[in-house]
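Okay, so the sequence shown: first residue is 1 according to the numbering used here, each after it adds one.
Be aware that a few hints might be false.
To be verified - Derived DSS-like pairs (lysine-lysine); straight-line CA-CA distance at most 27 Å:
#, residue 1, residue 2
1, LYS119, LYS20
2, LYS3, LYS92
3, LYS114, LYS183
4, LYS185, LYS114
5, LYS175, LYS185
6, LYS119, LYS185
7, LYS119, LYS98
8, LYS2, LYS98
9, LYS2, LYS185
10, LYS119, LYS175
11, LYS20, LYS3
12, LYS150, LYS175
13, LYS150, LYS170
14, LYS20, LYS170
15, LYS3, LYS150
16, LYS92, LYS2
17, LYS183, LYS150
18, LYS20, LYS2
Claimed, not checked - Label-pair restraints from in silico Cβ distances:
#, residue 1, residue 2, range
19, ALA39, PRO212, 15 to 23 Å
20, PHE45, GLN96, 14 to 22 Å
21, THR24, ALA230, 13 to 21 Å
22, LYS114, GLN56, 30 to 38 Å
23, LYS92, ASN44, 14 to 22 Å
24, ASN208, GLU13, 15 to 23 Å
25, LYS92, LYS175, 37 to 45 Å
26, GLU95, LEU174, 37 to 45 Å
27, ASP58, ARG33, 38 to 46 Å
I should point out that these hints are in silico values taken from the structure, not numbers from a laboratory.
Fair warning: this is a prediction, and the values are worked out from it, not measured in the lab.
All residues carry an ideal CB built from backbone N, CA and C; glycine is no exception.
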Amino acid sequence: MKKIGLVGGTGPESTLMYYKELNTRIDRMTDGRAMPDVAIESVNFRRAWEYVERGQYDLLADYLAEKVNSLTAGGAEIVSLTAGTMHIVLDKIREQTKTELVSIPRAVCREAMKNGYHKIGLLGTIFTMEQDYMKADFREAGIEVVIPDKADRELVARRILEELENGIVKETTLKEFQEIIRKMKDLDGIEAVVLGCTELPMILNRDNCPVPCLDSVDIHINELIERAAAD
Numbered sequence: 001m002k003k004i005g006l007v008g009g010t011g012p013e014s015t016l017m018y019y020k021e022l023n024t025r026i027d028r029m030t031d032g033r034a035m036p037d038v039a040i041e042s043v044n045f046r047r048a049w050e051y052v053e054r055g056q057y058d059l060l061a062d063y064l065a066e067k068v069n070s071l072t073a074g075g076a077e078i079v080s081l082t083a084g085t086m087h088i089v090l091d092k093i094r095e096q097t098k099t100e101l102v103s104i105p106r107a108v109c110r111e112a113m114k115n116g117y118h119k120i121g122l123l124g125t126i127f128t129m130e131q132d133y134m135k136a137d138f139r140e141a142g143i144e145v146v147i148p149d150k151a152d153r154e155l156v157a158r159r160i161l162e163e164l165e166n167g168i169v170k171e172t173t174l175k176e177f178q179e180i181i182r183k184m185k186d187l188d189g190i191e192a193v194v195l196g197c198t199e200l201p202m203i204l205n206r207d208n209c210p211v212p213c214l215d216s217v218d219i220h221i222n223e224l225i226e227r228a229a230a231d
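Taking the hints into account, I'd like the entire structure generated from these sequences.
Spelled out as structure tokens, the structure:
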């Protein structure tokens, strides 16, 4: 089993999910014979988020590349970011590290293709919804991506930053998200929705989502495990 390296802390809640699920799933997969070697380089979330908000992408890439290089220097063979938004500089990080990072958007796109979806909704931070880094793989695969209207985008982004990033899960917020997804289903005809922020699975799942949900954390973790277990 290859050593897995995670660039975490963006935010802490999703990093906890990754660590717990990697250990639980690999333990189960090996019938209790093994758990993975996992290294985590945790970033200063406030610093990273400030770079994103200010559009200082070179500084963000430098900061995250430093973390990736620390992981590979420590023996990590499978490396990934644990936040969708940080993929905004994925290509820049690859250039600086020469490391093939396991991409969240690419993993989720493959899952959407496997399920035969042609039109999907996308929820996430304002940057994930409005910029291209989470959509490009889908577009190349011929899958249309729909995002909420401006007011709903701002609401989703605010709830992620003010609540979910701080471990706060509210029933009222769930109902807001459900209504936004229903609106995209009724008005835009989405077949499924991508949970494009790795904190969204804290509140949305296959049991309460109005359409099938593509859980980026679940899908990404499965891909990490598959690669770590490969010869």
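So the hint says 37 to 45 Å: do the beta-carbon atoms of LYS92 and LYS175 match that?
-> Since LYS92 and LYS175 have Cβ atoms about 38 Å apart, the given range 37 to 45 Å holds.
Are ASN208 and GLU13 spaced within 15 to 23 Å by their CB atoms?
-> 18 Å Cβ-Cβ, so the 15 to 23 Å window holds.
Quick one: are GLU95 and LEU174 within 37 to 45 Å, going by C-beta?
-> Since the Cβ atoms of GLU95 and LEU174 sit about 40 Å apart, the hinted range of 37 to 45 Å holds.
ASP58 versus ARG33 beta-carbon gap, inside 38 to 46 Å or not | Since ASP58 and ARG33 have Cβ atoms about 45 Å apart, the given range 38 to 46 Å holds.
Using the Cβ atoms, figure out if LYS114 sits within 30 to 38 Å of GLN56.
-> Distance hint for LYS114, GLN56 holds at roughly 36 Å.
Is 13 to 21 Å right for how far apart the beta carbons of THR24 and ALA230 are?
-> holds (20 Å)
Taking 14 to 22 Å as the hint, is the beta-carbon distance of LYS92 and ASN44 inside that range?
-> holds (19 Å)
Sort out whether LYS114 lies within 27 Å of LYS185, counting only the CA atoms.
-> holds (20 Å)
Please work out if LYS119 and LYS175 have their alpha carbons no farther apart than 27 Å.
-> holds (23 Å)
Does LYS175 lie within 27 Å of LYS150 when you go C-alpha to C-alpha?
-> holds (18 Å)
Within 27 Å, alpha carbon to alpha carbon, are LYS3 and LYS92?
-> holds (23 Å)
Is the hinted pair LYS183 and LYS150 satisfied, with a Cα-Cα distance of at most 27 Å?
-> Distance of about 13 Å is within 27 Å: holds.
In terms of the numbered hints stated before, the structure departs from hints 1, 7, 9, 15 and 19, listed from lowest to highest.
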